[in-house]
Every structure is written in structure tokens, then in C-alpha cells.
Amino acid sequence: MEITLSVILGFMIIGAIYALNAKDLLSALIACGIVGYGLVICFLLLKAPDLAIVQIVVETITLIIMVSVVLDSTRKELKEKAGTHMEGISKIYTRDVINIAAVIVFALFLLYFFTQAIDVLQPFGEHTTRMATAYIDGAAQKTGSANLVTGVLFDFRGYDTLGEATILFTAVIGVLTILRIKGKK
Amino acid sequence: MIVYLLCFILFLTGLYGVLTKRNIIKIVIGLSIMEFSIFLFLVLVGYIENGIAPIIKEGQQSPVFVDPLPQAMVLTAIVIGLATNAMLLAMAIKIYRKHKTFDVRKINSLKG
Amino acid sequence: MNGMTSIVKTVTRIVVGVIFIYGVYVITHGHLTPGGGFAGGAIVAGAFILLVLAFGSDVLKLKTKEEGSSVFESLAILLFLILALGGFILGTGIFLNNYFPKGIIGELISAGVIPLYNIAVGIEVAAALFTIFLALVIFKEESS
Amino acid sequence: MANLVPLYIILPLGAAFLIPLIGRLWGIFSKTITSLVLLLLTGLCIAWLFAGDHEAIVYAVGGWKPVNNIPIGIHLVLDGFSAFMLIVINLITFLSAFYAITYMRKYTAENNFYALVCLMVAGMNGVVLTGDLFNLYVFLEIASIASYALVAFGVEKPELEASFKYQVLGGMASLIILLGVGLLYWTTGTLNIADIAQLLLSYSGNRIIIFIQLLFITGFGLKAAIVPFHAWLPDAHSSAPSPISSMLSGILIKAVGVYVLIRLLFNMFALSYEVALAITTLGVLSMVIGGILAIGQRDYKRLLAYSSISQVGYIVLGVGTGMLVLANNGANEIAALAILGGLFHLINHAVFKGLLFMTAGAVEHATGIRDLNMLGGLARKMPVTSATSFSGSMAISGIPPFSGFFSKLIIIIAAVQAQYYFVAFIAAVISIVTLAYFLKFQKRIFSSEEKTTIDYVREVPLFMQVPMVILALFCVFLSLLIIPDIRDIVLMPAVDVIVNAKNLINPGL
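Residue numbers (the working numbering), protein chains in the order written: chain F, 1 to 185; chain W, 186 to 297; chain V, 298 to 441; chain Y, 442 to 950.
Looking at chain F on its own, in the form it has when it is part of the complex (with noise of 0.2 angstroms):
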């Protein structure tokens, strides 16, 4: 099971290397998309199918989304868009590469960190549950929902259900106001 995952997770680590290296935004794109149906496999592998569900939905509509954004200027414009973006990299090279440097020594410095930090952890697979220990227990017969994941999200933490719908709403009149053609009158 662990070595399976780590063998997927792999290839998503690769997939995130690519998308984010790309010169190509449109191949950036399909590579995030790449990683994101990765995690629905490792969704699948883990018991979570409801995670699976919406996960793969809502990777491939930010896709549709993404892809419409970004075709807003054609696949032409796109190369020679990344081919500035290159030059523009060798113009100022030092300071990127310092930049880079910080960043990835602050990357190790954190992953060292972590190693050292969950040595104590429960290792993988064997997580003992405390809060949700009610959540599995008889929970059928507090909320009546078959779908345990269905009863934490409406009947036990029914209020973070009711903070994520708003935040969706948020997001919509967020976007409508950001896409107004004029701000002022």
C-alpha cells in the first residue's frame, strides 16, 4: 500500500516539477491537471471515494476554466510569451538564481524539520481516532446517513458545511465584481 502510493506520488512530484518548469503554459496546465487526477487515484487507494468524486469534477472544471484563461491569447503568443519570459530570466540571472537558491535551501532547511518534527506520529496507517471516534460509533443512528462522510459534513460539522457554501458564494460575487468592465461610474 505505502510503496504503491509512494510510486504514484512520485510521478506527482515529477508532474508538479514539469508544470511548474514548463515553457508552455498549455502543457503547465495539463501537467497540474496530471497531478490533480493523480491525487484522485491515491483519493481511490486511501477509501475516499466521496473525495474522489468531487475531486476529479472539480479538477477537470478548474481546468476548463484554466485552459479559457489562458487561450485568451493564442498558442502563438503563448511560446513567444514564454520565450521572453526566458530571456528575461538571463538578464537578470543573479538575482534569480539567488533567489532560487534561498528558496530551495529554506525548502531543505523545512524538510529537515519535518523529518525531525514526526518522529513521535503515529507512522501510516495506524491513526487512532479520538474526536472521531464518535463520528464511527452508532453515528448511523445520530444522523441517520448510511455515508458516514455525508453525516460528518451535514449533521455533526453541518456549520463548516454552511461556511463553505458561503465561501463559495463569496467566490461568485467576488468574481463578479473583479470581471466588471468599469469600476467607476
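Treat the hints as calculated values from the structure; they're not laboratory data.
We treat Cβ as the ideally placed atom computed from N, Cα and C, and that holds for glycine.
Accuracy of the hints is not assured; some may be wrong.
Derived Cβ-Cβ restraints for the label pairs, each shown as a range [unchecked claim]:
(1) Y/I733 <-> F/A102: 45 to 51 angstroms
(2) F/L45 <-> V/L405: 27 to 33 angstroms
(3) Y/E715 <-> F/L44: 54 to 60 angstroms
(4) F/I100 <-> Y/D926: 57 to 63 angstroms
(5) Y/L480 <-> V/K360: 53 to 59 angstroms
(6) Y/A488 <-> F/L45: 53 to 59 angstroms
(7) Y/G484 <-> V/K360: 37 to 43 angstroms
(8) F/I100 <-> Y/L640: 36 to 42 angstroms
(9) W/D288 <-> F/A102: 53 to 59 angstroms
(10) Y/R546 <-> F/L63: 56 to 62 angstroms
(11) F/L63 <-> Y/L480: 42 to 48 angstroms
Okay, derived cross-link-like pairs now, DSS-like style, lysine-lysine, Cα gap no bigger than 30 angstroms in a straight line [unchecked claim]:
(12) Y/K472 <-> F/K182
(13) Y/K472 <-> Y/K892
(14) Y/K506 <-> F/K184
(15) Y/K598 <-> W/K206
(16) V/K399 <-> V/K306
(17) W/K285 <-> F/K23
Fit chains W, V and Y to the supplied structure of chain F, relying on the hints for placement.
Only chains W, V and Y this time, still in chain F's reference frame:
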């Protein structure tokens, strides 16, 4: 523990993208990758070896379910991520129409 | 916005109904099977987005659609809030209480308010995603 | 009151959901309902504080009782500290919304503006009231997303760019916070703050706790714009419409940044010397760097934004000093004094920075100019704006009898009592620096010779004057908070909650 480490490396990859890339779309991709890694991390935390998906079916004899709470949290977080992505993309297309570029360095109209 | 070729249109005509019904199924069976309001709502939104992508539409029609779907969205989330407030009025005086009888586990009409929440959230998510998509398309059409 | 706690979320949310529906049919609806809701909520909270009974209220959403002493549902907690924050949030937002009625007339899509304001208030109220970590993240995101949209409300180049920067850094902060929440869930298996606090008392894995604290300090530090995480603030706060600037600077960075940091570090984690030292250092850094950067600004609102960083540094410094004293097992009284100073400065800063951004908005509304070098001699033409701005400037630079003097004095006295003389000295010096740049600013705009380019200027309409005058009066009358009787009602319950963190009630027990 190796999965947690790989998951954290994915997180750091995204962080690296956000901090070093100068293209708006790349920054959005970096944020998405950070999101993905955290979703995966939460679900990994809730996984129990030989557990089954938390859905009650008839005829199960005292099953071991994986923890449903992180799954509910991730479901919430996915929708939140979608909302932030939508806002970022709306901003990106608006900026593109104003400046005709996705390059952050070329649209610097504010002073430090 | 222009539509696509006739092959795409024909396939879309066949597929859209199936996707839509599948989305509704996922929403209404959220308390029994994997899925629920969020997944189902996103699937329904996907069906609508597919329609707009395949057939295309002029800006005027898109605008009425956008207004309609944003009204739907506000109504649906208001419905959610009213259902959550139902506890104050009908039941125990507690916010977000599951105040309906729970029924038998595994049946379609069970789990108290949860299916109603699922439906409200499903409409909300579908309308929200469709509105965001339409807003982007309209903006691109209008500003070019 | 116990049953009314959820109203702090329900009412603003209900208003926000109704505005897009009714607002398009009936133009005045959005403005009236926003103001009414906020006024009602402010009144409710003041009534609770003055009712005298400061027992914390724990409200179980959904009615879920703890099982085996483990809380399973989400709990809302209203204690002295959250009540204090609720008053500040709802009062300042009410005045800003009132001010916006005239100011926002020149913008399109006003309904969206009021809906977003309601959502932002709902988010902040939710953050302040919640007793659950993941729920805190959800409401934090509501407030943040609404503020991203509000910063970009003018949809011009600078607004969009500032908002994008804000959104990328804010999104990163949210994800870092979520990672911290996930790690805490992995460590303890629960999300309830009181329950986690209980578990951490007997927890041995020291490194993981430090790592989580590091993540939280980074995340909420980014939200609170503490130096070195302040890069987004000057852009975002100066580009937003003025009523929003006054809300962002006055309350948002405190509600989603400083408040949560204080609550988590004092009430959830066991205090440790290293963390306390880090917090104090960050406070001093913000105070100094924000103050120094503010001197050189030419843009009216950017100057105010940088001074926000500096003043938030004072708040963090006060609280950090208290934390240091407590972590060293020092006297509780000194810690309480330092924290009292921090909280006093928090409410003062909310009032005078809200006021100063409103006057900035008034000047911009009347002249259309924000460059300090191009403004001048407005005192005769805009007497009310000039007088209120004077009151705010004096309060922020700590001149007696204005309120800012007392809060800074308390912070400095506490630092001296705790024998951090160097810190006290820096705080005093930065106070003088603040006075210097606010005097310059006041002189440039209002009392220097008139510029010919701005002949046509008239005083702003009455609806904009009223909130400014109210806040200017607050700048003076908040000094009354040091009188023991009033202090015991408003500030001491909050200080009690922070200092006596061990008394935090556990809904599981």
C-alpha cells in the same frame, strides 16, 4: 513515513513555484499543487490499515472504517480551493486584459 | 461565443441528459452512496458548461443565463440557511440541528434534514460554478 | 444571551444572501440592512459586557453533547476576549458601512460591495467566536476571500495588482495554517481547541509542537502583516476604497491575525520561552521597520498603511512581553499589565486608524489627490476633516489626553517593570518617530499654504462627517478605559481569559 515525506516534498515544490515563478499562471499552479499536497496529507493521516470506506452497507460484520473526519475536512477544503482558484483566475484574466502579459515583472505599477 | 462542429453538437445532445441525471442521482443519494451535494452539483454544472461550450451563444443570452443562475445560487444558499435555522423554530431551539425523524438507515427518505441540505448545496454549487464560468466567458466576449 | 450567540454569524450571512436578491429590485435595501445588522450586533455585545456576568458561554452547534468527555461537535465560545473583539469588529464595520453610503456612490455594483462587507464581518465574527480549529480555517477563508474582492473593487491596474499580491500571499498563509491544523489533528486526533489544550498539557513530543507553532506564527503572521511578512499590506490597504481600508487596517488584520495568534498561543499551546521571544522580536521588528518605512512615504494612504504595521507591532510587543513574563514564571500582575496595554492599543488602533483612513478617503473624495506634496491648506476648506484628522493623528502618536498615549504608556511601563528596558526604550523612540511623521503629514495636508490646483474643494457630505466625528470623539473618550471601574468591565475580562489560560473551560467537562 515515506509517504508523508513525499507529500511534504510535493508541498515544498508548490511553495518553490509560488516563491520563484514570475508568471501569474505558474503562481496559480504552484498554489494548486500546495493545495493538492495538503489534501493528500489530511487523508493520509486518517487512513487505517485494512480499513474500508466509511459507508455502511448491510451485512457488514463489525467493520473497521477509515477516519471520516479528515475526509469531510478535505471535501470542505477542496471547495474552498476551487473558490480561491476561481478568484485568482478572474484576477489573472483581468490583469491580462489590462497589461497584455502574464509576467509579473512587467506589470509592476506599484512601488515597494 | 461560437459553437463547435456538428459532431460535437450531436454527441453533446445525447450525453448532456445522461450527465445531468447522473448529477441529480448523486445529489439525492448523497447520504447513501459516495457523493453528495458538492459532487453532484459540480457534475450538473459540468453538464451546463458542456452545453454552452458545444452550442455557443450570444452575449445577450449568456447575460440572462448568468442572472438566472446567480439568482438560483442566492436562493439555494438562503434555503440552506433557513433549513439550518429550522431548528430554532420547529425543533429544539438549536442552530443547525437535525430535527426531522431519522427514518431507517439505507432508505432514500431517511437521515432527517441531510437530503434537503444536500439538495440545497447541490443547487448552490451547480449555480455557483456555472455563474463563474459564464462570468468569465461574458467578460472575454465583452472586453475583446 | 446564550441562545443568541449564533446570531453573530446568521444575521450578517442572511443579509449577504438577501442583498443580491432584494437589492436589485430595491436600491436602498443593501445599505440599510447592512447598517442595521451591524448596529444590532454591536448593541447586543455591549449589553452582554455591561450585564456584569462574565461567565463564558459555550454554544454547541447542532446540539451535540460530548461523548466520553470528548467534544464531538463544533462549539462557539463567547468569553471576555471574544466579546471585546466582537465589539471592535462590529462597531468599526458599522461606522465604515455608514461612511460608505456616500463614499461608494461613485462606484458601480454597490450591492456587491455591501454583500461582501456582510460576508467579511460574518467571517471575522466566526473566527472570533469559534472554538474549533478547522472551523476557524473556514471562517478565516470567508473573511479573506471577501477582503480580496473588496481590495480589487475599483478594478483598475493598481487595485488588481495589489489584490493579486494579497491573494497569493494570503492563500499561501491559509494553506500553511491548514497544514498546521492537519499536523495537530495527526498529533491529538481532535480539533476542539480546549480539548487540544488539555491533551497538550501532558504531551511529550516537543519538536512537533514547535514545528506546528512555527507554522501558525508564519501563517497568522502573514495574515496580520507582521514584519517580515508585511509585503502585501501597503499595496492592499492603500489601493482599497477608503471605507475598506479602514476596515482592513482597523480590524481585519487584528481579527484574523493578532487575535488568533494570541488565542492559540496562550490558550491552546503551553507557553514556552522561545516562542514568546520570537513573538516579542517580531513585534519590535514590525514596530521599528513599519515606523521607519512610513517616514519616507509620499502617498497619503501608503503612509497610513505603513504606520499600521508599526502600530500592530506595539500590540504584538505588549502581548509578547506578557508572554515572556508568564513563560519565565514572572509575576502575573506584570503580565496582565502588558497584555492590558496590548489589548488597549488594539481597540485604540482600530478606532484611530479607522478614522485616519476615513479622513484620507474624505480628502481623496474632495480633491482626488493622494500625493502629500500636492496637497496643502485644506484646514480652512474642510474644517471637520481637518479637526478629526488632527484628533486621530494626536491619538496615534501618543499625545495626552488622547487614548493612544495611555495604551503606549501602559506597554512601556509593563516592559520596564518586566526589566526589558531596551524594548521600552525602542517603544518610546518609535512613538516619537510616529509623532514626527504624523506632524509632518498633518502640516502638509491641512495647514501649509494653499495650492492653486485645489480651489474647488468643499467639505464632504454630512453622512461622511458623522462617522468621522464619532470616531474622533472615541479617540478622546477611550482614555476613560483606564479608569478602574470601566476597565474592569471592558478590558479586564479579556485580559483574564488570556492570562489565566488554564481556566479555559473545556466543553467536554
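These are the hints, each one checked on the structure:
no.	hint	in the structure
1	Y/I733 <-> F/A102: 45 to 51 angstroms	violated, 24 angstroms
2	F/L45 <-> V/L405: 27 to 33 angstroms	holds, 30 angstroms
3	Y/E715 <-> F/L44: 54 to 60 angstroms	violated, 42 angstroms
4	F/I100 <-> Y/D926: 57 to 63 angstroms	holds, 59 angstroms
5	Y/L480 <-> V/K360: 53 to 59 angstroms	violated, 36 angstroms
6	Y/A488 <-> F/L45: 53 to 59 angstroms	holds, 54 angstroms
7	Y/G484 <-> V/K360: 37 to 43 angstroms	holds, 41 angstroms
8	F/I100 <-> Y/L640: 36 to 42 angstroms	holds, 40 angstroms
9	W/D288 <-> F/A102: 53 to 59 angstroms	violated, 21 angstroms
10	Y/R546 <-> F/L63: 56 to 62 angstroms	violated, 40 angstroms
11	F/L63 <-> Y/L480: 42 to 48 angstroms	holds, 45 angstroms
12	Y/K472 <-> F/K182	holds, 21 angstroms
13	Y/K472 <-> Y/K892	violated, 36 angstroms
14	Y/K506 <-> F/K184	violated, 51 angstroms
15	Y/K598 <-> W/K206	holds, 21 angstroms
16	V/K399 <-> V/K306	violated, 44 angstroms
17	W/K285 <-> F/K23	holds, 18 angstroms
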